[in-house]
Each structure stands twice: as structure tokens, then as C-alpha cells.
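Asks: What follows is the residue order along each chain.
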Amino acid sequence: MSDLNFLLEIGTEEIPDWMIPNALADLQKRFLAALEKFDLAAGVSCTTEATPRRLALMANGIAARQADKQETLSGPPKNVAFDAEGKPTKAAEGFAKRAGISLDQIEVGADGKIFIERKVEGRPTKDILAEVLPEVILSVYFPKTMYWGAKNGPRFIRPIRWIVALFGGEVVSFDVGGVKSGAITNGHRRLGKKGIAVTDADQYRAALAANFVILSADERRQRIVSGYEAEFPPNAAARVRPNAKLLDTLTYLTEYPTVIRGDFEERFLSLPDEVLETAMLVHQKYFSIEDSKSGKLNNSFIAVANLNGDPDGEIRRGNERVLRARFSDAEFFWNSDIKKSLADRVESLKNVTFQAQLGSYHDKTERMVALVKSLAEAADLSSTIKVAAARAATLSKCDLTTEMVGEFPELQGIMGGLYAAHQGEPQEVADAIYDHYKPIGAGDDIPRNAPGQLVAIADKLHTLGGLFRIGMLPTGSKDPFALRRAAYGIIQIVIKGELRVTIDQLREMADAGDNASALRDFFVERLRYYLTNDAGFAYDEINAVLAASDNDPVDAVRRCEAISQVRPTPDFEPLAVSFKRISNILEKAGGVSTYASKQFNVALLEDGAEKDLHAAYASLREALKKESDYAVSLERIASVRPVVDKFFDDVLVMAKDEKVRENRLTFLAHILSEFSEIANFAEIVAEG
Amino acid sequence: MQNYQDIILKLKSYWAEKGCVIQEPLDVEVGAGTMCPETFLRVLGPDPYKVAYVQPSRRPADGRYGDNPNRLYKHMQLQVILKPAPEDVIELYMKSLEAIGIDLSKHDIKLEEDNWESPTLGAWGVGWQVMLDGLEITQFTYFQQCGGIDLDFCPAELTYGLERLTAFIQNVDSVYDIQWSADKTYRDVRFADERQYSVYNFEMADVDMVWKEFALHEGECQRLLGLFDELVVGTAPDDPNVKRFPVLAAYDQTLKCSHLFNILDARGAISVTERVGVIQRVRNLAVRVAQAWMAQRHGYRYAIWAAAGSSKAVGVAKADVPGRSN
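Chains C and V supply the protein sequences, listed in that same order. Our numbering applies: residue 257 is where the first sequence begins, and numbers increase by one. Our numbering applies: residue 334 is where the second sequence begins, and numbers increase by one.
Next comes chain V alone, as it looks inside the complex:
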């Protein structure tokens, strides 16, 4: 039998053979692999990029104290970004399943419409959920916009749900029964994690402290973005001070805010009137970071920015894409 870690290693080496950079997980809490800079920022701009990484993804509200066989506070995604999307991307994906021993002549694969949109990231794309014998194992998305910016080249994003996929291959009904290594199960490795974080997120997180943290990270992000605004005036995109500016550090702060928002949400601490506003605050940071990244690397709307003295004046691509519902 293939262990959980065997499957991960095989998928990584498969995508390494296909020319991907194999990255390691981001060391900041995220709700999905999409939020990592390796996706969120790398899909921007014209330069090709291929990357694959496993990303532990934290969703505080999905925690179930380790009681539910299919639901986790933290699950692992294998995230693959192929930019630009190759013509045979679906075949490449199918072969990755064969690489982990799934015989596709004996299993039913369907691609069912599932479009993706993240209001907090100002991002959306179209695609499918990939169904394997009725089980959703992968989210396949052709990105169209990120941080409110139209992407120069449409990338393909493949997000494998590793626990589900392994449970399928190992033929077990509960993720906790997954064989992780030769002698350890998923339960052995992660149960304590699931139970304790459910207790923290639902019962014990100090709401006032988390709000303060949120404000601090938001403040730090805004401070950096403000400095970048000042820097843009009177400089050219290739100015060394522009190039070395820590946009990535500002993005860490955005991700912190997003995660803290999720904790507050799970804790039931965000009131009706606040919720939309807080999402909007995180989105503003994400969009400004995306613009700064593009300005820094590709001189994106640099002249307009420099003239106005603020990224707010740069604006973003019109969200009103033909046929789009909202």
C-alpha cells in the first residue's frame, strides 16, 4: 500500500519531472495554497512560472475537534501552478493520477463545472472540480484575475486535496485512518493538532487580543504600502530602492490579517455590520500588494502612480468581465 507520504513524494517528483520548482510550504498561516505568494504573486505579470508545493491550509471554522471523519481544521493541499497553462494540461493532470497508481481505465473521472472566486484576494477564475468515482479530489482553475489585475497569461491552478485522495487510494472511510508512514496513521500525527486548535478557535481565542493583532498587522501593512507610495513618486521602476522594497513582507502582513479574520469568524466575534467591512479591509491590502508587486517588477501603471502619489489612484482592471455575474 502507498502511504500518505509516498503519495506526496510521488506527486512532487512527477511535477518536478514536468519542470516545476518544488517549493516548501509557506511559513505563514493561510486558508488555501492559492494565498501563498508562490501563487498569488507569481501568477501576475508575463514571466512564465511553474511551481508545486504542499501547503497546510488552516480553516478555523472547519475544525471538528477531531470527531468528524472528513472535516479538518487544517488540511494539506498540493498546489500546482503552470503559467502559462500548457495545451495538454488536463492530460498532464490525468497522468499525475496514474503516477500515484490510479488506473484510469477502471475509474470514472469527470470534470464538472466549478468556478472559483475569492473576494478577499480580488481574484477569480473558471474551471472544474475533478470527480473520481463521485469523489471530488481536485480543484482545477484557469485564473483570470488576481488582486484585481487581469493576468497577462492565463495560468492553470491544480489543487489536490491530499487527505481525500489518500483516503480514496487506501480505501479508508476516515481521514484519521490514513496510513501516513509505515507505522504511523494520520490520527497518530495530527489528532492532537485538530482537537486542540478546535478548542482554541471555538472556545479560547482571546477576542480582544486577536482584534488588536489584526489592527497591528493591518497597520504594519499599510505603513509599508504608504512608504512604497512615497517611493514611487520621483523614481523609475528600475530604481534600486524600488527593487529592494519589501513588498513580500507587506504581503505576509496581509495573510496574517486574513488568518486572524478567520479566527474571529470561527469564534463568532464578528458582528453582522462588521463582517463585510473587514473582508473589504483585507481585500484592500491584497489588491495594493498585488499592484506594488507588479509596479516593482513590471512597472505596472507606474507613471500614473507616480503622478498621483498613491496606489489608490492606479485603479485595478475592470471587474466587469463579459458574462460575469457579479
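This is chain C alone, in the form it adopts within the complex:
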């Protein structure tokens, strides 16, 4: 039986660029899962490609039909299937009928039941594909879907307009929302033909290419890069400021990308870089050009058109005009905004809603000023920092009333910082305002200076506290106010900024009312996330550290570092096992804390292994008091392992004499709790 190739193309209207890579991965996953379900996935190799108007999947090595199978069907017991004379009963007849065989094929198995073996013929793969593909296509995940016909019709990201489905050169026939699969594709909207016949995957690529559709995203990406490098060679005086995200966007926004160079008036370069970049990158999807030496922007840009050229320069002129209008607006906003200082704008924050139940940004600012002061005191920071942070907090939200932020909302904070510097606020105040929304997303830096870190924490803490107080907690995947990111941002700043603020203090300051303890848990969850994902510690080490104490994030990181450093030493894991044993014994006997709160009597300890353990305990205790390095402390704790092992070899913990037993348990509880302050060893999962 020969293996065949498969080609699927879902022809759609323009799919949002950022959704395409995930959709392709999901399409491939679902397709292979469908094959797997029918025992057809073995040896299949699969690739996917997409443009804004098509998702394509190409697979090689799919069997033309399923393999035949032997199947055993088991029926009623022999004494039910046959009567006293050995003749088949009604039950046997029924079984034979259901199984589609004649009575003489029935056999009796070792388990005393009748059974038959039959051959199940494999089905043609083409039939199976026709059956599963509609479901595979419509179940591809998109963040937001639509119906394009009647309201109960199929949903997809955008309307499906055609489908190509070919298996071994033959059409796999099915229907999705009235669109019948076939062997006809379409070229580029303007440059290509409509109704192009497809025979197989190779011819498909070539036919598309001839009709100005570059199917491969890599090739489109490369075409954009070589295009702009032809305009601005990488080693020349001016070069394209690389931007991988924009490059991806343009790759999935075009079927036939062509680079267009444009210029703008030099006078616009006096606007802040941040404004120029936002207008070019975010609003217009242009690459900006920088001086290769100084890194400063120059007055050119690169646009990417979905066309094969611009012979008359019309596209260039159009794009230049749009950018000029945006820059003129920005220039106008800048000149009008600087007429009123940030300080003079504080009052107008009363008209800007933060959240209906939590009041205005003016209210928020006032709370933030109080919060930065409390934070500075808690973290024991200098009064210079405190004063700068309070000033920055006061002015931090004023840029929300500027025209520039009205037009470029993504520049909130940044414009505040730029205006503050322009108006002669101290640089550290301006920087603190500039940075106070940071960190935005994973991998972003925390604010560069201490006042900025305090303002950033205060801003997020106020949001968290307020929304928790009014019961708007995130649930499941729903987090409309991005509270997880806010809490995570605080944890990142505290740890990376090495601010000694505890989670209890944060909870206290946040004023979350009835949800205060939920907020505390929320912070600990984010701390755990940080330790796992940012710092990369093993889960059991994190459990051990947080079980000991989860209150001080900076300290938790240090303890994690120590534990992962000491863990490979030979005594560590065995000791962890022993501690786990002690913990289990104590749990059974009534709980660690019951015993740890009592005092034990040294005189009641047995000579030999138990006294030795006590001697080791006493000297270790003294040594740990003087030791501030967590790793050294852990090494010392681990070094008592032989003594602990000997104790368990020689001594029966659950002694018959109640007094001795209670004393022994109390002694063990002290060892466990006093040596678990850095990490709770019982949480360590030893290997082997």
C-alpha cells in the first residue's frame, strides 16, 4: 500500500496577523490528532504555512487506507450460549447476529465465554479525511470568532471563502458552512488570478508564487529584510532599527511584501524619539531608521506594501503624507501641552475616572503619595528617595490630561517623564514618572531608580487593593484589570530592586478590606511564579523555602539560591529524607507544633546515638546563630546526617515508656523546627 500526500488550504478573508502562528500550530495539532484517532498518524510528516488569506497544511506519508485489523468479540458464557444438548440458544444466535457471523464460527475461550474473531477491514483514508476535516478546521482556536452567515452557522476568525483539500491528487469532498472543498485556489487580491487549479503541494506553491502569493512566511520575512537592507545596507551610515515584532506583523499582513522607502522633514526630529517611534512603529507599522554610530533617529522610514512595486512613487507619497500629518499633530500637541505644567494639571485629574467605585485619578494620586512614603519607610530608604518618590507620585498621572497621551495612549508615563524633564523637575523625578508603568510584560526591566520603583509599586498596589476591596478579583482566565500582571510587577520590583518589604506589609498597605488574605495569597502565588519561571528553581526547593517562610521575597530568593547550591552535596538529600521521616512520625503523634512548643529534658535522653545527636544539635545550634550565609548554614545542617542516620539505626523513637517517648518526640520536633528556618527539608523530593 503506497503512502500519499495531503494538501489542505483554508481560504479566508484577512486573518489578524498576530493570531496566525498559533492558529497554524493548532491546526497541525488537531489534524495529527484526528489521524491518530484512526491509526493513520504513524510516519506522517506535516508542515504548515500561511498568509493573511490562507492557512495551508501539507502532509506526507499518509497511508491510502487504514490497515485491516483482527478483532475479538466476546459473548455470553458457554452454559448460557448452549443448552443441555449442546445446541446454540437464543443468546448465542443473538450474539452471532450482532457480530455478523454464522453460528458455526463461534468458539469457546479459556474464560468459559463464547467468542469470535473477525477481520475488520480498514477504511479508505480519503473517506476518513472527508469526515474529520470540517471538525478539524472549525475547532482551530482563535481568540475571537464570528459567524458570517446565519446566526447559528459555523464560526471562524473571519469568513471562510474557499477550501482546497487534495489527497493523493484527488479532492477530499466536504462542506464547511456552505463552502465546498475543491481543487481551486486564488492568487493575490490585486496582482493574482482567481480560480487557479491545484494538483499537489509542489504545484500549489509554484502556482501561488506565479500569482504573487509567497506562501512561506520565512521567504516573505527575508524579502522584507533584503528589501530594506538594499535601501540601508547594515554597515552604512544609517540603518534600519531592527524590530522583530514589527517584522512578524508585516510578514503576516502581506502576501507579497515590497519595501517602500519614505522621508520626512528634518524639523520633526526635534520631537522626542519616543513620540516619533510610536507614530512610525505602532500607528503606521513603519521601520524607523537610525544613525549607525549615535543610534539617533534620522528622517527616513521603511513602509511595507502588499504589492509588487511603486513605479510612480504614489505609495511612497501617500505614506509620507500620512506620517507628516501624524507628526504635525504630535508637534501641535507637544507645543500645546508644554504651556501647562504637570503641577498645574493635578487638579484636572479630578475629572479623569480611575474606576467608578474607586474614584478619580486625583484620588489615586493622593493614595499613591501616602503609599510611597510608607514603602520608603518599610524598606528603610533615605529621605532623599522618599521626597523624590512623593513628588513623582504627585505628578505621575498628570500626563493623562495632555493632548499627546490622548492621541498616543501607549505613551502614558513616558510623556509625563519627558514633560517633567522639560519643565525642570529633577532628573530622578522625571525618570521615576517615565518608568512607573514598568515592568510591562515578562522580560521588561523594572524602573531604573529607587523613586521610580516606589511609585511603580504604589500605583499597582493601589489598583490591587482597591479592586480586591470592591470584590473585582480575577477569576480563572478572566483578569480584565490585569491584576496578575500588577502583582507580578510588584514582586519583580521588590526582588530585582532588593527592597526589603514584606508581603504582610504590602497586604497591610493595600487596604484590601475583606479580601486582604486573598490578596496575600495572590502575592505568594506570584512570588512562586517568579521563583519558578524567572529564577528557574526546582519546584520542591521553592516549596521547601516557602513552607519555611513566604513573607520576604528578597530573602526567599536568597534561600532558594542557597538550597540549589547545597543540594548536590552528598549529605543533603539523605538528610532531607530523614527530616521527612521525623516530620511523618511527629504528624502521626499529634503534629510538629504540639511538640515544638514544649521543652525536652536532656537527662531523659539515652546514652549513645541519642546523646550524640543532642551534642550535634547543640553545637549546630550555636554555629547557626553566628552564621549569616544560608549556603554555609545548609551545609552545616546537612553535615549532621551521619548522626541522624545512626540515631534512627540505634534508637526506637516510639519507646514504651511514655515519658521517654514524649521527651524524644519533643527533642525531634526541636531539631525539625529549628533547622527548618531556611527551608523545610521535608518538602524536598529526593531522587531514587
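Derived lysine to aspartate or glutamate pairs resembling EDC-like cross-links, with alpha carbons at most 16 angstroms apart: (1) C:K407 with V:D380; (2) C:K450 with V:E420; (3) C:K541 with V:E446; (4) C:K400 with V:D447.
To spell it out: a stretch of chain V is covered by chain C in this simulated footprint if at least three of its residues, at any positions, have a beta carbon under 8 angstroms from a beta carbon of chain C; those stretches are: (5) 462 to 468; (6) 479 to 493.
Derived from the structure by calculation, the hints contain no laboratory data. Quantities reported herein were computed from a predicted structural model and do not represent experimental measurements. Glycine residues also receive a C-beta, built at the ideal position from the N, C-alpha and C atoms.
Given chain C, work out where chain V should sit, using these hints.
Replies: Frame of chain C; chain V shown alone:
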């Protein structure tokens, strides 16, 4: 060169050829062509409808006293509704651009994701902003819900920004430099309008009076909707009194409220605590009007309504659409 009015006439005749009713603008102030009953109400229900009209759209907060080359208190939209959306709707749209002389082999057209949602109308859809050489010229939306009701057939809505489009075609940097007719510019025709309404909306509108007006229109709308509630009890959807009931007049009152809200907003007269509440009040009216329209024309949830005696009990389609963020 094509004048502003030439472009409008050509687009209208293009869509007339494609079978659209060519409507004239609504004579009540609206913020967008979408709010006109020709869109808001016509997209509801199963009956096909194709319509195109120019709608002057007032957005008091966007006024700039005629100083800004791109920003207007009142701009003109060409609104096209195609229900149900034809399969070749994008091609039809592209051809409309060719009809006004845009050579698409020489210009870059991109469809970039842009979804639309109007909390005051209980409406949302998905679609694109259409970019022509980097300039947004049209909003293209596949409506999914309106007045909180799932639409029987997905319509396509095309909203052309006529000033932008003309500025592009005429190659001018300011909307005021647009040639409107052979001898008049946009400035000649509209500058006074822009300046005076900016003064009124930002400086002189009598806040107390506008609030009173808002309350009066809201009251009138609620009175009518209350009468309709009473009418539904004990009648069938085809009752002549149901059929002749002035739901459209109630909708005018809703639109008045929406516009007055925009004036109050531009005037800075809506406080923090009031804002969300006022939007909610307008939304309630819009949703109830949409339900009444559907009940009147299609017997929408009529039995439930009649039994409960109030449109409030009818409820609306669940807003929780799969994959929807809010």
C-alpha cells in the same frame, strides 16, 4: 480633479447600481452613521436590506475650533449596510474605490484587524480598518450583535471617512483645503460650523439646560416604552395597535439622549461617578427600543414579554460570546 461632491455622488451611484437603497441623512444628531435607524434597527431580524447614505456625524469632543487640519466636530460618513453580507463583499468594496478613480494596482491596500464595540448601543462586531497607502479610509465591520440581540444574518457595514478619502484623492494635507465643488472649498462651506460649535460645546452650552433636556428626552422615551409594555400584554404581534406603535419615535429620543450626553462630556460636565451610569441609561433605552422593534416586526420573544408585562423580563442574548474578552 474630482470634487468632494463628485466623489460622494459616484459612491452613491456605485452602491445604487449594486442594489442599495440610497437614503438621505437622518435629521437627528448622531455620533456615527451606525446609530441611524437605517443601520441600528435594519440590521435586526431576518429580512434582507441594502442601504447606503451619507451621515453627518457629530462628535462634540473632537471639535478643534477649525484649527486642526484633520480633526472635526462634524465629519461625513458614507455608511453602507449589506445584509446579509455577500460573499464577494470585499471585492465589491475594492471596486467602489476604483469607481472613484483609485488605481489599486498603484496603491497599497491592507485590511488590518479592528474590532468594533459600542457599549451605548449594546452592539459589537469584528472587522478591519482599511488602510490605503498607510491612511485609514474605511471601517469594515461584520456585525454580530445589536441592541444586545444576536443578529439573524451577519451584515457587513462599510463606513467611509469621506473627508480623509477626498483629501487623499485630491492630495491635500488639510481637510479645509478639500475642493468641495468647482469653486468652493471645504473651508468655505464648513469652517464657521466647526468654529462656532466648538465654542458652543466647549464653552457655552448651558449645562443645567442640557441636563434637563436629557431628562426630558429620556422620560419621553421611557414613557413610550412603558406604553408599549402595556400594549404587549393581551395582544398578538400582528395586532394593528402593535404594528402602528411609534417605536421609531422612541428611538429618536434615545439618539437625542446620546447626543446630549456627548455635549455634556465635551463640556466636562459629567463627573466621575455619573459617567458610567449615564452611558448605562442610554444603553438601556437603546436595548429596549431594539427589543420593541423586533417584537413589533418579528414577534421577538413576544410571549415571554406578554406574560411578564415588561421588556425588562425579555432579556437579551447572552453577551458572553465564545472568545470574547468582555
